[in-house]
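Chains as they are written, first to last, in the working numbering: chain Y, 1 to 331; chain B, 1001 to 1241.
In case anyone wonders, no lab produced these hints; they're calculated from the structure.
Don't take every hint at face value.
[To be verified] Here are the simulated DSS-like cross-link-like pairs (lysine-lysine), alpha carbons at most 27 angstroms apart as the crow flies:
(1) 1110(B) - 1091(B)
(2) 1115(B) - 1128(B)
(3) 212(Y) - 1110(B)
(4) 1027(B) - 1115(B)
(5) 1091(B) - 1064(B)
(6) 1027(B) - 1058(B)
(7) 1027(B) - 1128(B)
(8) 313(Y) - 1091(B)
(9) 1091(B) - 1115(B)
(10) 1058(B) - 212(Y)
(11) 1128(B) - 313(Y)
(12) 1128(B) - 1091(B)
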Amino acid sequence: MPTWADQAKLNSTPIAWQWVCLGLIFLVSLIIPWIVSPLWIRIVTEIFMWAGLAQSWNIIGGYTGYLSFGHGAFFGMGAYVTGIAMMNLEWPFGVGLLFSGILAALLAAVIGYPTLRLRGAYFAIATWAFGEMIRQIATILDVTGGAFGMQLPPFLNLSFFYYVMLGITGLTYLTTYLLLERSRFGYKLLAIREHEEAAEMVGVDTVTIKIKAFALSAFFPGVFGGIYAYWVTYIHPDSVLGAQITDFMVVMVFLGGVGSLWGPFLGAFVVQLINRYLWLVWGEGTFYLIIIGAAICAVVLFIPNGIIGLLEKRIFSPRGALSQLRKLIKW
Amino acid sequence: MLLQSHELTISFGGLTAVDRLSLAVEKGSVLGIIGPNGSGKTTFFNLVTGAYAPDSGKVIFEGKDITGLRPHRIAQLGIGRTFQIPAPFSKMTVLQNVMVGTFIHASTMKAAKEKAWEILERVRLDEKANHQVVNVTLEDRKRLELARALATEPTLLLLDEAMAGLTPVEVKAAVELIQSLHTRGLTIIVVEHVMDVILSLCHRVVVLNYGRKIAEDTPDRIVNNQEVIKAYLGERYSARN
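Take these sequences, add in the hints, and give me the full structure.
Okay, structure coming up:
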């Protein structure tokens, strides 16, 4: 009879292998600023930011099963709050970031309390409306510079922003791993996603747990928004509160694999790389959005479990690909 | 009395699903609830577990008024339930499903895992512990329902048609399992259509019809009660005995 100790032994080999991979990726990430051109430092920094944002969305959308379409608002709010903290209050950058994150989490708790009672499309609509509301507020306020936006003190140090983004993204993934993959909290979230009534019947305080998850998923976008604002030094409502911010988070998570730890990273990597490549080829424009849109349709239709799902089926090894193909044509 | 309901009533639109229902369960006993489809059996469970709040009436558990408490609070107080149609956490393993139930008492993941293994062994589901729920049979899903409810360490267990859809052999195994739980001191309320199960398990039986209690007695006297035969059992069943 297998006991769970035996089970742990069985699982230990692939886990150790994963840690080695992760360590290597981390080491490579550390030296990237010394070996690539400034353009590529910029692109990799963006990839890290999007990987972190996608994971944040994954906490509420993937693990908990509540699709938030207003998540960009937390990012934009973080950008403005850090800007205001640095310009008007003359706080240091780090304090501004922390303040942005906490404020975003608090706002999420306040918004979540009434809206997390709604399910499916209704929650999506409510959060979308919330996102629009924040954008309108940023457009009319004086302190945010209204539609003209806001200028932050310039700090032109690519490596600095690269390492800050790497650190916070690492923290996002570490938090997800510890709090969602390996703890009671994470199991409760999955239970809520899979069957909310049954979860309540076995003692899960669904209201509190959902609010905590929503607040956690808003904290990191708040921080990322702050870093982004200081990095690009100029923000306005369309650049940090536009609908495309949320859209990209959702798209990356679905492409990579919804509800998985590494799916959002893979999704962000692929989407942002294609995005930037097309931008380099065609220059400034919106044509690349059409290609990305078509790619998303293909993903949702043909690989609903995302890239992670494909990896698990070993479709990228020749033998695995063949067996999948056979299954597909029933041969 | 472990659980009492006083004049419990709830209506949905014009339909009174449970109508001034008063009943009591003695500690350590097994109570059966029978009645035609739509007679309010499952609705009664939903009222006791807090899924619905009653329009009027009270639910008293261990001397405390638990009417209108949220379901997770009631689960923490010691009432466990299974669903008529199994409601597992599908994209999790059998073990993980049960672990979620143990979280009420287990404060670490290690303790939760150990407790969950122990319960899976008790309901003989330990060999499927690491299977995804989508890959297990209906019988195993019914066992999983039970295991997950037991994981909360309830003092009162509500079983909603735990045998529906099982083969006679599987029913026999399930009855033995429930009997073993009862001998361990668990108080149980059983909603069931299979009369043999009711006869072999229950100390007392309550019969519902249109949300009202039409009879309450020992199982052997219930099957000869004229009103129960008319409303639920039918003439054929009484002739067989």
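If any of the earlier hints don't hold here, list their numbers in rising order. Checked against the structure, the hints that fail are numbers 5, 7, 10, while the rest are satisfied.
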